[in-house]
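Peer 1: Take a look at the letters that make up each chain.
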Amino acid sequence: MWPIFDYGRFVSIISSSDVYGVVWMRSLAQLHKMANLRVLVGVKRVIDYAVKIRVKPDNSGVVTDGVKHSMNPFCEIAMEEAVRLKEKKLAKEIIAVSCGPAQAQETIRTALAMGADRGIHVEVTGKSIDGDNNQTGQMTAALLDWPQATFASEVTKENDHLKVVREIDGGLETVKVTLPAVITADLRLNEPRYATLPNIMKAKKKKIAKHKAADFGVDLTPTLEVVGVEDPPVRQAGQKVESTEELVAKLKDSGVV
Amino acid sequence: MAMRPSHVIRYVLEQYKSYRVPNVTQSLPSWYTKGTNGSLDSWSRCVHGSVALTQKKAERVPLSSERFPQLKRGEFARVTDGDLQVFERLVASRVLTEPGDIEGHNVDWSGTCRGAGQVLLRPKTTEEVSAILRYCNGRRLAAVPQGGNTGLVGGSVPVFDEVIISMSLMDKIISLDEISGVLVCQAGCVVDKINGALEPHGLMTPHILGSKGSCQIGGNISTNAGGLRMLRYGNLHGNVLGVEAVLANGDVLDCLSTLRKDNTGYDLKQLFIGSEGSLGVVTAASVLCPRIPGAISVALLGCDSFAQVLQTYDAAKKMLQEILSAVEFMDRASMEVVQENLQLTCPLGAHRYYLLVETSGSNAAHDEEKLNSLLGHLMEKGMVDDGTVATEPSKVQSLWALRENVAVALRADGCVYKYDVTVPMSRFYDLVVDTRERVGTDATRVVGYGHLGESDIHLNVTCPKHNEDVFDALEPWVYDWVAKCKGSVSAEHGMGILKRDYLYHSNTGPVVLLMKQLKGLMDPKGILNPYKIFPD
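The listed protein sequences derive, respectively, from chains A and B.
The opening position of the first sequence corresponds to residue 5 in this note's numbering, with each subsequent residue numbered one higher.
The opening position of the second sequence corresponds to residue -7 in this note's numbering, with each subsequent residue numbered one higher.
Only chain A is shown next, with the shape it has when bound in the complex (with noise of 0.2 Å):
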């Protein structure tokens, strides 16, 4: 979903229950060598897309019981990206996090056989699944007050700042960001891995840590209350016509001419 560099140290809401807020040292920052970025990569399981989705009967949701999940594919992407800059020594930690269900903890364990060090699950009740909504890594960059650099294609690291580039409607565009900032991925940013056995085996004995909402004080009572959901309509059979006047004839007598 959106990995989030950060250069120094960095303490956050997430990792010790004690401390509220974000704190970075830039100072010693500058100090240290590329090789101090730490990387945090959100994860989340959703239904894998190789199913395919029923709305449920009564039009609350989709079925998601029984159903298969995994990583979300562009979770995947921010994975290896995060992954790929271990690789390049331009990043000495990766941590996956995902909030979710109990069963959430099988992608994190997913994404520490692809090359995570270690996991954080905030255990998250209740229904989720990928509503294509398009809004966490702005929300929280928002929230953490960090440049954001989202659809990225590219991501290369230039002394302090990262160079982006962007798939936009127009084409691409190549903005800078300052460190810490938040990335989003997009498809062509690169292909995940899949994990292999050795990485496979050495995954089990990572550790990830587990927390619930409650924890950090977050309260959980959605603002927003989904009414329906349905399929979209079947598509109508089209007709042939042999001639203008025909197709003319049929649009006159459907109404629509």
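No false leads were slipped in.
Using C-beta positions, here's what the derived DEER-type ranges look like:
(1) A:Lys216 to B:Asp169: 44 to 52 Å
(2) B:His229 to A:Ser64: 44 to 52 Å
(3) A:Glu250 to B:Glu467: 55 to 63 Å
(4) B:Gly286 to A:Lys180: 44 to 52 Å
(5) B:Arg52 to A:Ser64: 52 to 60 Å
Calculated from the structure, these hints are not laboratory results.
The C-beta atom is built at its ideal place from N, Cα and C for all residues, glycine as well.
Got chain A sorted already, so can you dock chain B onto it with the hints?
Peer 2: Same frame as chain A, but now just chain B:
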């Protein structure tokens, strides 16, 4: 705006070339462009759907009548205008005679066999098939029944000017009994569509193969297709409970039982399973369909010696037992061909051999525990050098795609000589090694892949175009090699026209004699799929 829809739009526009995204050098990743029709493993990265070659491509393939000059056209009548009028009456408006419409049906999938059929008929009901055959038998017109035309031995296309009877419009599902799992359907149902219809009921076809997007159940039955899960579910002789077929004289033979057990006389339906349309045209079938497993996992393993491969297979059988559902083998050359020709990604590095092990069960936790302990054991004992495992449907499909698309990838090399043989397991890969040595640098590649579980190896040799030297080096040498170790010259592909000369390599004289007698009894004029299976 949400992230994904804009990229869908851009992708669609890119495809139609009305919009150019500047500076984009990477193509979209394969997972993004594929769709799903709802079936659990229905996806294949490269569409195997459009089987018919374009007319131009078809015309480049030499006619079988020229390629096999020793073949003589049988004593059959030729199609006249009078015949066409009768066909029009029998199969109203579904008689095709335009070359543009027929050419794709005259050439087989591999682009090596081309017939000169002039008429294509598309019946919709068993009665129409019966009427067609009764007429053809009376007139002594030869006919070729054709399903999805995905056969690999030239058995589904004419050799001379046989009438092509396409089963494609007979694609109705007649009934499904959810409790017993018995499906009754017409012969022209495409396997992928059958699985799509079965999926909401939690069922699937007992067999699956790479050509599932195009192949039809009637064709699968007529060729006794094996496929990728035969290890677990057995072959069609066991899973087909009933067959309705039309005999050469137009009589409809109704053996369309849905009973699991029925020992009342001779089991005639078995005659149609694997006889390649030469004893009758299959028009409907009842198939026993197993439940879709609740949990499917796939492990792709890399080994660097064949001894490791056999040890891994042994360990998999011992430690997975009842959940083991497939063990497929690929060599480095076959992995390379899917990477080079189809741009698929292999999650592992270069290894000499790859094994794809699939487990299917009803309880994910139970299966994962067994699979993890197997993988731990394999790593510990050094039986594999690397591997990856997947439980999510999308990743399972991606891993299967590597194996399912080898045949498609090979086709892109140009001319493919295919051999599908059963050999003793200890000598499974020896044939490939010997072939590589024999053919040398004349061939583009020599690959070996296949169903390790049934000791069935697909040996494929590719050249940019037909190479007489390579062909002469291969045949009959490959078949002699197989006969020497008492293997089968055609494990699952059948004989068709390409392998008919080698029937005696795997069958004794008396056996073939009885086969011919049966053929003579059921099709005295020999109009059904002539020139196939038996050497002259």
